[in-house]
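Q: Protein chains in written order, with our numbering: chain A, 6 to 244; chain B, 72 to 318.
Check each hint, because a few of them may be wrong.
To be verified - Okay, derived cross-link-like pairs now, DSS-like style, lysine-lysine, Cα gap no bigger than 27 Å in a straight line: (1) A:K180 to B:K223; (2) A:K179 to B:K223; (3) B:K91 to B:K245; (4) A:K32 to A:K95.
As the list claims (entries may be wrong) - Which residues of chain B face chain A? A few of them, derived with a C-beta cut under 10 Å, are: (5) F208; (6) G212; (7) L216; (8) L233; (9) I239; (10) N240; (11) I290; (12) C292.
Derived by calculation from the structure, the hints in this document are not laboratory data.
Think of the CB as a built atom: it goes at the ideal place given N, C-alpha and C, for glycine as much as any other residue.
One letter stands for each residue in the lines below.
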Amino acid sequence: MSDSAAKLHIEQTAALSYRAAFMLILKRDITLAFRHKDDVINPILFFVIVITLFPLGIGPDANILSRIAPGIIWVAALLSTLLSLDRLFKSDYNDGSLEQMLLSPHPIFILVLAKIFAHWLLTGLPLIFIAPLLAVLLHLNENSYGALMLTLLLGTPILSLIGAIGVALTVGIKKGGVLLSLLILPLYIPVLIFATSAIDTAAMNLPFTGQLAIIGALFFSTLTLAPFAVSSALKVSTN
Amino acid sequence: MWKWLHPYAKPETTYHLTGKFIPWFAILSVILMSIGIVWALLFSPADYQQGDSFRIFYIHVPSATLSMGIYVGMAIAALCSIVWQLRLADASAAAMAPIGAVFTFISLVTGAAWGKPMWGTWWIWDARLTSQLILLFLFLGVIALHNAFEDKVMAGKAAGILTLVGVINIPIIKYSVEWWNTLHQGATVSKMGKPSMTLEMLWPFIFSYMGFIFLIVTITCIRFRTEILARNGMRQWVREIAIKEGS
Chain A
6 MSDSAAKLHI
16 EQTAALSYRA
26 AFMLILKRDI
36 TLAFRHKDDV
46 INPILFFVIV
56 ITLFPLGIGP
66 DANILSRIAP
76 GIIWVAALLS
86 TLLSLDRLFK
96 SDYNDGSLEQ
106 MLLSPHPIFI
116 LVLAKIFAHW
126 LLTGLPLIFI
136 APLLAVLLHL
146 NENSYGALML
156 TLLLGTPILS
166 LIGAIGVALT
176 VGIKKGGVLL
186 SLLILPLYIP
196 VLIFATSAID
206 TAAMNLPFTG
216 QLAIIGALFF
226 STLTLAPFAV
236 SSALKVSTN
Chain B
72 MWKWLHPYAK
82 PETTYHLTGK
92 FIPWFAILSV
102 ILMSIGIVWA
112 LLFSPADYQQ
122 GDSFRIFYIH
132 VPSATLSMGI
142 YVGMAIAALC
152 SIVWQLRLAD
162 ASAAAMAPIG
172 AVFTFISLVT
182 GAAWGKPMWG
192 TWWIWDARLT
202 SQLILLFLFL
212 GVIALHNAFE
222 DKVMAGKAAG
232 ILTLVGVINI
242 PIIKYSVEWW
252 NTLHQGATVS
262 KMGKPSMTLE
272 MLWPFIFSYM
282 GFIFLIVTIT
292 CIRFRTEILA
302 RNGMRQWVRE
312 IAIKEGS
């Protein structure tokens, strides 16, 4: 590449708008994920298997199952998100492309947000589609389906956002998997509490907008704050 | 205004300064704690409802409240290290994390020992107990992250970020747990209200509380000095100390 062409190239990439940069990373991550379909499908299979284990362990009594269904579904969602989090930065860290992204002229905030959004599209969104099916298996109260979908819709992005902080901190460590769960699971507790209580409240035919509003508040505060923590953690990890 | 602080950014100066402080803090802690504990166990009146088992209060409450305080202290140190890049702030946060975990554990164990005769059970999913348990997990997470890195500077930075994330989350977790508990349990468990304390109970409590504070400060100073030595092992002044103390 000649000098002038290189210069032009640099100018072009620098001129990439925030939105274009966001879309570029998003498209790249989704394409990569579809090349390794197992990575997308396995956490979902895990979610399904964990949920089928509970009736086997507890017994097929419909009353007990419908009572504990919200908790089981949400705990399984937390665990399957945890399993899939490793994919978020690991391969990019190993082949060095993460470092290149951090060096790019665009704010890391945008890049991190795009990666997290891609992660949610590939792990959080499928859960929302499968959850009602599993809720049928667990005899979830009929009134609760709306609440289940809404809490998953608002709550799973929080799981991806908070989880990204933990992954960014542990990406440089060889055996980060177990450590990641120790760091992240305590931080998931508020989401779990409010989501399950919203579903429980809906089962009693009471309004659950209060819990939803709190989950929404948690979502927006993690959406604005977590990318900063992620980007500073990535700077530490890539050194 | 900052001028008098500058010398203490140098590890050697801080090492010697804390070395001078440690005996004083240790003596203060021993005096205050022995006065407080002896007064509390032997001379202060027994609670009219709970009898003598109430006396574990003098150990339980200081360790419980101070464990939270240690986390805040760690978060302040982490903030200083991230904002002003103070290496020593990292060392102090690393020194505080295990102490905090131990005091959280002490508060849980003494709480269980107190709960058995009072509530008839070692553990209930009460809001305070649960949030204290989660605090223990947060401490253990910070320690685990610290140990996972070979490089201490990186470890300090990573643990610092986690501490700050945790300190934002602590109030959220605390309130959500409180809310969760009131929703699930109602008033079936008669929770002990805050005992209105007479002065005879308050004074030994203040003594033992202050004693606990100085105990924590003393242990923090000792661990802080060890951290400084571990991080500066290649420096000349550390070698001189090693030769002097070793011979």
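Q: Next step is simple, just say for each hint if it's right about the structure.
A: Status of each hint after checking the structure:
| no. | hint | result |
| --- | --- | --- |
| 1 | A:K180 to B:K223 | 17 Å, holds |
| 2 | A:K179 to B:K223 | 16 Å, holds |
| 3 | B:K91 to B:K245 | 39 Å, violated |
| 4 | A:K32 to A:K95 | 18 Å, holds |
| 5 | F208 | 4 Å, holds |
| 6 | G212 | 5 Å, holds |
| 7 | L216 | 6 Å, holds |
| 8 | L233 | 6 Å, holds |
| 9 | I239 | 7 Å, holds |
| 10 | N240 | 5 Å, holds |
| 11 | I290 | 24 Å, violated |
| 12 | C292 | 27 Å, violated |
The structure fails to meet hints 3, 11 and 12 from the earlier list, while all remaining hints are met.
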